[in-house]
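Peer 1: One-letter residues, chain by chain:
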Amino acid sequence: MNFTMHSRAKLTGWLFVSLAVILICVFYFYPMIQALLLSFKTGAGANLHFNGISNYKRLFSDKTLLTAVQNTFLYLIVQVPIMIILAMIISVLLNDSKLRFKSFFRTAIFLPCVTSLVAYSVVFKYLFGNDGLVNMLLTKLHLIAQPIQWISDPFWAKITIIIAITWRWTGYNMIFFLSSLQNIDYSIYEAARIDGASAVKQFISITVPMLKPIVLFTSITSTIGTLQLFDEVMNITKGGPGNATLSISQYIYNLSFKYTPDFGYAATVSYSVVAMIVVLSVLQIKLAGDK
Amino acid sequence: MKKKISAVLLASLILATGCSSKAPDTTASPTTATGGDKTETKAETKEVTVWAWDKNFNIAAMKLAQEAYAKDHPDVKINIVEYAQDDIIQKLNTGLNSGTTTGLPNVVLIEDYRAQSFLKAYPDSFQDLSSSIKASDFADYKIGPTSLNGKQYGVPFDSGVAGLYVRTDYLEQAGYKVDDMKNIDWQKFIEIGKAVKAKTGKDMLTQDPNDLGLIRMMIQSAGSWYLKSDGATPDLKDNAALKDAFQTYKELMNANIVKITSDWNAFVAGFNSGDVATVPTGNWITPSVKAKADQAGKWAVVPFPKLKNTSSSVNASNLGGSSWYVLNNPGKEAAADFLAKTLGSDVNLYQKLVTDIGVIGTLKAAASGDAYSKADDYFGGQKVISDFANWTTQIPKVNYGMHTYAIEDILKVEMQNYLKGTELDKVLNDAQSQAEAQVK
Chain E
1 MNFTMHSRAK LTGWLFVSLA VILICVFYFY PMIQALLLSF KTGAGANLHF
51 NGISNYKRLF SDKTLLTAVQ NTFLYLIVQV PIMIILAMII SVLLNDSKLR
101 FKSFFRTAIF LPCVTSLVAY SVVFKYLFGN DGLVNMLLTK LHLIAQPIQW
151 ISDPFWAKIT IIIAITWRWT GYNMIFFLSS LQNIDYSIYE AARIDGASAV
201 KQFISITVPM LKPIVLFTSI TSTIGTLQLF DEVMNITKGG PGNATLSISQ
251 YIYNLSFKYT PDFGYAATVS YSVVAMIVVL SVLQIKLAGD K
Chain A
1 MKKKISAVLL ASLILATGCS SKAPDTTASP TTATGGDKTE TKAETKEVTV
51 WAWDKNFNIA AMKLAQEAYA KDHPDVKINI VEYAQDDIIQ KLNTGLNSGT
101 TTGLPNVVLI EDYRAQSFLK AYPDSFQDLS SSIKASDFAD YKIGPTSLNG
151 KQYGVPFDSG VAGLYVRTDY LEQAGYKVDD MKNIDWQKFI EIGKAVKAKT
201 GKDMLTQDPN DLGLIRMMIQ SAGSWYLKSD GATPDLKDNA ALKDAFQTYK
251 ELMNANIVKI TSDWNAFVAG FNSGDVATVP TGNWITPSVK AKADQAGKWA
301 VVPFPKLKNT SSSVNASNLG GSSWYVLNNP GKEAAADFLA KTLGSDVNLY
351 QKLVTDIGVI GTLKAAASGD AYSKADDYFG GQKVISDFAN WTTQIPKVNY
401 GMHTYAIEDI LKVEMQNYLK GTELDKVLND AQSQAEAQVK
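Protein chains in written order, with the UniProt record's numbering: chain E, 1 to 291; chain A, 1 to 440.
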């Protein structure tokens with residue numbers, strides 16, 4: 001065989017990437033295909049057998065899944081905007097060149113996202129317990145007469161989860177905004193000030209539009225994160241009271257491990273999450289992204 | 001260059017073959033060469049690995065069994081590993097499902113509520129112990145969860161017999177005696193609870209809305225369960241005991257005598273801090289009750305209340321309870337022998353379990369031992385162990401089946417609906433149809 005110089009180089013290139021390709025195939029695509037096959041099987045534990053699309057039919061009549069999806073979307077609709085706006089505001093405040101102890105504040109706000117998910121969830125569970133610190137403080141300050149049942153009341157349990165994930169992830173998103181803010185040319189603000197634009201006007205008309213790509217990025221990653229929400233719910237409320245805080249991921253866990261193991265249906269539910277993430281991400285890009 | 005290419009090829013080849021050895025579909029035979037090697041090495045050293053949860057209870061009991069066995073069998077090494085119950089379930093499920101036995105223990109503790117789902121979901125993964133222990137040596141109600149198709153798979157362990165722990169001092173302040181609490185029904189309990197609340201300001205009991213243990217105890221006291229006796233068909237819609245239990249639970253909740261808690265720690269704190277007057281639960285709570293030395297003499301244990309409107313309900317029930325299982329993997333013979341000679345038959349060991357740890361076993365012969373009839377000063381000289389052992393014999397036998405927790409999650413939601421005002425029949429009908437979709 002007579003390789004030309006070009007095709008030899010090409011072959012070498014392929015050989016170099018082949019290891020990575022094989023690794024990706026084995027550890028990403030193979031499990032994904034296996035899970036897809038699994039989603040067509042039913043049976044308890046190891047007694048699995050193919051059962052057509054019955055699992056997918058079951059998806060649409062599953063009341064518990066519906067509750068889980070509703071809860072997850074509630075977190076999504078309420079928490080993600082709050083978090084992103086908060087992250088944006090904090091990052092703008094911290095970007096002020098006159099602010100002192102800047103790095104201290106940045107570290108302090110970023111710190112929650114380096115703590116372990118389980119550890120912080122457990123701490124939150126104690127803070128928000130019926131006899132917890134939060135209730136104690138609120139009672140001492142005479143803001144409430146009766147302790148709020150943060151974890152055992154369906155409404156407040158949802159609020160607790162939202163507070164917890166906001167605390168954990170705002171700092172993470174703030175970092176993206178900060179890095180983006182530093183790329184906005186200072187002269188734009190100078191020009192605006194000369195034209196007499198107020199700070200608020202500057203924020204709305206300059207900062208927000210300039211941050212649009214980051215808003216898109218953080219909202220897509222937050223959406224994916226929220227759809228996969230597990231640790232907080234599992235550790236703070238266990239999905240309760242009465243499935244009031246159940247997330248889709250926790251339902252998948254329950255189907256696999258808490259109930260009689262039904263890995264087939266659990267895989268089906270997992271694939272429904274994939275479908276939701278794809279649809280939402282496409283929507284977000286279409287709505288906010290540049291063509 | 002060539003060397004590099006061949007190195008890459010070699011690496012990918014190793015990787016591909018390493019991952020392509022597909023695990024067998026069933027866990028029937030641990031097959032392959034590695035499995036065979038294991039048998040040989042295990043036969044020489046005889047190591048038995050045990051997984052269990054709860055350091056002060058199950059692990060402590062296993063350690064006593066280990067000591068007892070070591071005297072006559074110095075050649076067998078028993079490794080006891082502590083995991084949380086959830087972790088054990090997760091590890092067992094993934095291990096058994098993947099079809100490899102590497103990394104799994106020889107002996108494992110499984111809660112009775114879950115036992116059938118493991119036995120049925122992973123056929124041939126557990127060792128038949130029918131020839132090692134005699135099922136009839138153990139309390140009758142433990143045989144249902146631990147056996148399948150007439151074969152005995154589990155060594156029945158702790159009893160989980162329920163009792164009503166009461167604060168005698170609070171009762172007296174409210175004008176009642178301990179005797180007034182004996183063999184009562186739940187309506188009487190609520191009545192006394194209201195008096196206690198009025199006189200002492202203390203709640204009668206704690207409840208976690210996310211845990212329907214009380215409902216479970218109530219219906220088992222009537223010989224009823226979430227499933228029909230076949231262990232598979234949901235029995236919620238026309239289940240009279242369940243209806244009675246739901247109504248009783250609502251009455252209890254509306255009587256303003258319940259302190260709401262959200263987790264185990266708050267539950268324990270509830271009685272340790274003296275906030276509640278009673279604890280209706282399994283006997284495994286005894287060590288936690290006794291943890292408060294300054295409350296010594298203030299507690300007594302009376303029979304579990306029964307359901308008023310269900311004639312089959314008795315003053316005895318069960319909560320939790322677990323049993324030991326041997327996995328069908330290399331080393332099973334040693335593991336079965338270890339269990340058979342200790343927790344499967346050793347009456348003396350059971351005396352030690354009672355005195356040292358407070359574990360009430362279900363080996364019938366053990367109940368006649370001295371340790372069972374000892375008075376307990378913490379409970380004002382009451383012979384609590386013999387009382388519990390006595391109630392153990394009265395617990396109605398039910399088939400927990402495979403789906404306890406799946407159905408309970410449905411019921412939790414419906415219970416919330418019921419408490420909010422939805423009609424009981426509708427609530428149970430909805431639960432029934434959801435359960436049928438869930439467990440098919």
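Just to be clear, a hint being listed does not mean it is correct.
To be verified - To give an idea of the interface, some chain A residues facing chain E are shown, with a C-beta separation under 8 Å as derived from the structure:
(1) Ile89
(2) Gln90
(3) Asn93
(4) Leu96
(5) Lys120
(6) Tyr122
(7) Pro209
(8) Ser311
(9) Thr355
(10) Ser373
(11) Asp377
Stated by the list, open to error - In the DMTMM-like style, the derived pairs of lysine to aspartate or glutamate whose C-alpha atoms are separated by at most 25 Å in a straight line are:
(12) A/Lys197 x E/Asp131
(13) A/Lys91 x E/Asp231
(14) A/Lys194 x A/Asp169
(15) A/Lys71 x A/Asp387
(16) E/Lys63 x A/Asp235
(17) A/Lys374 x A/Asp387
(18) A/Lys194 x A/Asp179
(19) E/Lys158 x A/Asp211
(20) A/Lys290 x A/Asp203
(21) A/Lys250 x A/Asp230
(22) E/Lys238 x A/Glu111
(23) E/Lys258 x A/Asp124
(24) A/Lys259 x E/Asp131
(25) A/Lys290 x A/Asp387
(26) E/Lys258 x A/Glu172
(27) E/Lys57 x A/Asp430
Stated by the list, open to error - Here are the computed distance ranges between Cβ atoms for each label pair:
(28) A/Ser311 x E/Trp167: 49 to 59 Å
(29) E/Ala145 x A/Gly380: 51 to 61 Å
(30) E/Gln34 x A/Ser373: 35 to 45 Å
(31) A/Ala84 x E/Ile89: 37 to 47 Å
(32) A/Ala232 x E/Leu37: 23 to 33 Å
(33) E/Asn51 x A/Ala84: 25 to 35 Å
Since the hints were derived computationally from the structure, they do not count as laboratory data. Yeah, the Cβ is synthetic: ideal placement off N, Cα and C, and Gly gets one too.
Peer 1: Which of the listed hints are broken here?
Peer 2: 8, 9, 10, 11, 15, 21, 26, 29 and 30
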